[in-house]
Amino acid sequence: MGAFFDAIIDIISSDSTYINGALFAAFLIFAASGEWVAERAGTLNISVEGMLLAGAFASAVGYDVTESMPVALLAGIVGSLVVAAVQAEMSHRLSADQFVVGLTLNILVFGLAGFLDNELEPTTKHAGRWVIPVLSDIPLVGDALFAQRWPFYLLFAVIPLTWWVVYRTRWGLEVRSVGENPQSADVSGIDVNRRRRQSIYYAGFTSGIGGWFLIFGVIGLFEDSVVGGRGFIAIAAVIFGGWTLRGTIAGCAVFAGALSFRLSVQGLGYEVNSELLQSLPFVVTLVGMALFAHRVRAPAALARPFVRGLK
Amino acid sequence: MESGSTDPAGAVPAGAAPAVAFRNITKRFGAVTACDRVDLELHRGRIHGILGENGAGKSTLMKMLIGLVLPDEGSIRIDGESRAIHSPLAAANLGIGMVHQHFSLVDALTVWENVALGEAGRLDPGAIRNRIGEIAEQYGLVIDPDARVGELTAGLRQRVEIIKCLRRDPNIVIFDEPTSVLTPEESVQLFASLRQVVADEGRAVVLVSHKLDEVLHATDDISIMRQGQVVDRLLAAEADAPTLARGMVGREVSLRSERAALGVLSVDEANGFDDTPIAPTTGSTATSASDGRRPVLSITNASLRGSGGTPALQDLSLDLHAGEIVGVAGVEGNGQRELGDLLSSLLSLDSGSVSIDGTRVPDGRSGAMARAGIGVIPEDRHDSGIVLDMTLAENLVLVDQSAVAQRGVLDRRSLDRFARAMIDEFAIQCAGPDAPMWSLSGGNQQRVVLARELAQNPKVLIAAQPTRGLDVGAIEYMGERLEAAAEAGVAVLLISSELEEILDLSHRIVVMHSGRIVGEMTRSEVDLEQLGLLMGGAA
Chain A
1 MGAFFDAIID IISSDSTYIN GALFAAFLIF AASGEWVAER AGTLNISVEG MLLAGAFASA
61 VGYDVTESMP VALLAGIVGS LVVAAVQAEM SHRLSADQFV VGLTLNILVF GLAGFLDNEL
121 EPTTKHAGRW VIPVLSDIPL VGDALFAQRW PFYLLFAVIP LTWWVVYRTR WGLEVRSVGE
181 NPQSADVSGI DVNRRRRQSI YYAGFTSGIG GWFLIFGVIG LFEDSVVGGR GFIAIAAVIF
241 GGWTLRGTIA GCAVFAGALS FRLSVQGLGY EVNSELLQSL PFVVTLVGMA LFAHRVRAPA
301 ALARPFVRGL K
Chain B
1001 MESGSTDPAG AVPAGAAPAV AFRNITKRFG AVTACDRVDL ELHRGRIHGI LGENGAGKST
1061 LMKMLIGLVL PDEGSIRIDG ESRAIHSPLA AANLGIGMVH QHFSLVDALT VWENVALGEA
1121 GRLDPGAIRN RIGEIAEQYG LVIDPDARVG ELTAGLRQRV EIIKCLRRDP NIVIFDEPTS
1181 VLTPEESVQL FASLRQVVAD EGRAVVLVSH KLDEVLHATD DISIMRQGQV VDRLLAAEAD
1241 APTLARGMVG REVSLRSERA ALGVLSVDEA NGFDDTPIAP TTGSTATSAS DGRRPVLSIT
1301 NASLRGSGGT PALQDLSLDL HAGEIVGVAG VEGNGQRELG DLLSSLLSLD SGSVSIDGTR
1361 VPDGRSGAMA RAGIGVIPED RHDSGIVLDM TLAENLVLVD QSAVAQRGVL DRRSLDRFAR
1421 AMIDEFAIQC AGPDAPMWSL SGGNQQRVVL ARELAQNPKV LIAAQPTRGL DVGAIEYMGE
1481 RLEAAAEAGV AVLLISSELE EILDLSHRIV VMHSGRIVGE MTRSEVDLEQ LGLLMGGAA
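Protein sequences appear in the order of chains A and B. Heads up, the first sequence is in the numbering used here, so the first residue is 1 and it goes up one at a time. Heads up, the second sequence is in the numbering used here, so the first residue is 1001 and it goes up one at a time.
Calculated from the structure, these hints are not laboratory results. Values in this document were obtained by computation on a predicted structure and should not be read as measured data. Ideal placement from N, C-alpha and C gives every residue a C-beta, glycine not left out. It cannot be assumed that every hint is accurate.
[What the hints assert, rightly or not] Partial pick of chain A residues on the chain B-facing surface, computed with a CB cut under 7 angstroms:
id	residue
1	THR169
2	ARG170
3	LEU173
4	VAL187
5	SER264
6	GLN266
7	GLY267
Turn these sequences into a full structure, and let the hints guide you.
What follows is the structure, encoded as structure tokens:
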């Protein structure tokens, strides 16, 4: 038992645990912030997984062609928006079931990305590291938060932007109203399905940044397994966070902690069955959902399609 | 057809183009003609009452004016110019605003956020708060702009609706069944501000209602609609309740349902032309019959803590005997809903028990109350009475499929036969057993619920707000059915916020306040003043 606690202490006092944790958290937050907006408007947008993968792949191709990371970012956003467009137009213009569309998209993007990766074989590399003086000297979290590759720092733009858009603009007010009571929003003169489509595009926008960040800020190269189900963890983080932005970010941090813990266990040479370890973050996600899901109130019209005039 | 010929022309300021003129408007939904060549004029500075039963076409007509529905034929003129109104935003731009019955507020948002919904331009919370303050002062509609709408009472929510509508400074204001969710005092306040809305800047106001008294007292001009047509136009000053009632249903109605239709404002007026005083007719026999017999339903010392920690039910005991109708009177929100939910197996008690024929029924266990013989007409039809997207026949067997199924497999033919029998017996107006539930009018939906519950041969029937939102004919029918059920030996518990309904139907009346029964009287003992004091918690 003593050895077990020694191992735990070893892991939580290791710098790499925090650095990896911050990377996972940033990736999840890029995905979850847009997902949160889509859910506030009433779409349980499961195609966020496909958006992330499309964004990662498109940014890799963008870099391969132009060797410019900003262009790669734009390409990533565009790639992710293509997936968002299919999701948005199918589920909120043609009234197709949002889950069926989302599932199909995820599978389709996974297959396409794998195929095109083999065909194009885009080459990428890591972005440069920005070390912020003084702050990066803080023990444990200094390196994690202030000595990352530069794509990481976009996080500090995306989080306030998302908050401001949802809580301080008319568009955000309307997005929240169509997720709560689309009939009332309609009667008030708001185009419900249009707002819902736009909110999915916003999810595509942040997921595109997330995919680009994954390639240039974390891994340095593209494989079709880079996202690996973490889009679903982002969805869980929104639910875990009770559909508030603050809670969503906290959820991302908790789940990122689990993901990073798993890496550190192996990285520091402890022997645990690796398949079992693989499942740890998902077990934490499930436990988190079980503990918190019933305590929070979802947007009242979440996952309910809106058709005018019927009620 | 020229409307001027039948309009009370003296009421109209000469020369001015009407604020709104419907010309030959027709709207069909499938086989149903909701509006049939309607001509109607609304004038500035006047309140126009549109009276009609549910399904008479008045809501559809108003929806066309605010752009939620497009007419099939005819034209709408605003200030003399023909306009096509394609959306609520287009209507707002033409200066048309509507105070909706219950559809336009978002519970999760605050008051100011709701008021801001549907406008364009930059979001400026400060300016909106100021404007709410101005309107509050001008019309006496005081409200906290930062309160969450979901936490407000019905009266305050409506106040938000009115502010939301007036903020755009509309020339034409529509009130759709505004008092259906209000207490009497709130209704009086509403009509006071209604007058002011008209007086200021000469707005044209429409009051859509099926309550005779309300239309009679609050309006200047009255149009009566029936089956999609305007059948009568009168001046409010020259009209009286019996005339309106006849025009509305197209036949004589019994005074009881007429009185019920008068609604909450009308206790005094109703007694004014009352020729069936609240009398010890059947009440005395029912009470004496119940003496010394074992009750069918027995609630003993029921207590339940509400969501806010305050008690929803406090040590409530109630016995119900076969063949009697017991009315539960009280201001809404004093535990009536919890009482109904308890008997629908929706709630578990903190302490106390429910028994049927002396056998205890477990509370809060899904379906237990129904199996023990309690039928329920639930308070909110759409929420817990029916499934709108299923067919009429399917809704009829939602509770019990044993009559139309063998070993769990539905037999379509016996389902069809059963449904047709019910449609005949309860005179349900519909396209047939396979008609989707949403295609039925409110009164007919309620008949389906009634048919389903009575088909179970219940020992006890709980009728919670059974006539809410129904028209005169349907109210009358519901009353007859409840009386017939009691005569057949069912113990009926009538929970209603319409005092008239309780006074008319009940053999015995209990009054609820703060989750307890604070008074009980037989029909023969009823003293309105005492009843009012009990309801207000003052006695």
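Structure-based check of each hint:
At its closest, the beta carbon of THR169(A) sits 6 angstroms from a beta carbon of chain B; the interface hint therefore holds under the 7 angstroms criterion. Here the hint on ARG170(A) is kept, as its CB sits about 4 angstroms from the closest CB of chain B, short of 7 angstroms. Because the closest C-beta pair between LEU173(A) and chain B is about 6 angstroms apart, less than 7 angstroms, the hint holds. This hint holds: VAL187(A) has a C-beta 4 angstroms from the nearest C-beta of chain B, less than the 7 angstroms allowed.
With its C-beta approaching chain B no nearer than about 40 angstroms, SER264(A) sits outside the 7 angstroms limit, and its interface hint is violated. Using the Cβ-Cβ criterion of 7 angstroms, the hint placing GLN266(A) at the interface with chain B is not satisfied: the shortest such distance is roughly 44 angstroms. For GLY267(A), the interface hint is violated, the least distance from its beta-carbon to any beta-carbon of chain B being 44 angstroms, above 7 angstroms.
Checked against the numbered hints listed earlier, the structure breaks hints 5, 6 and 7; every other hint is satisfied.
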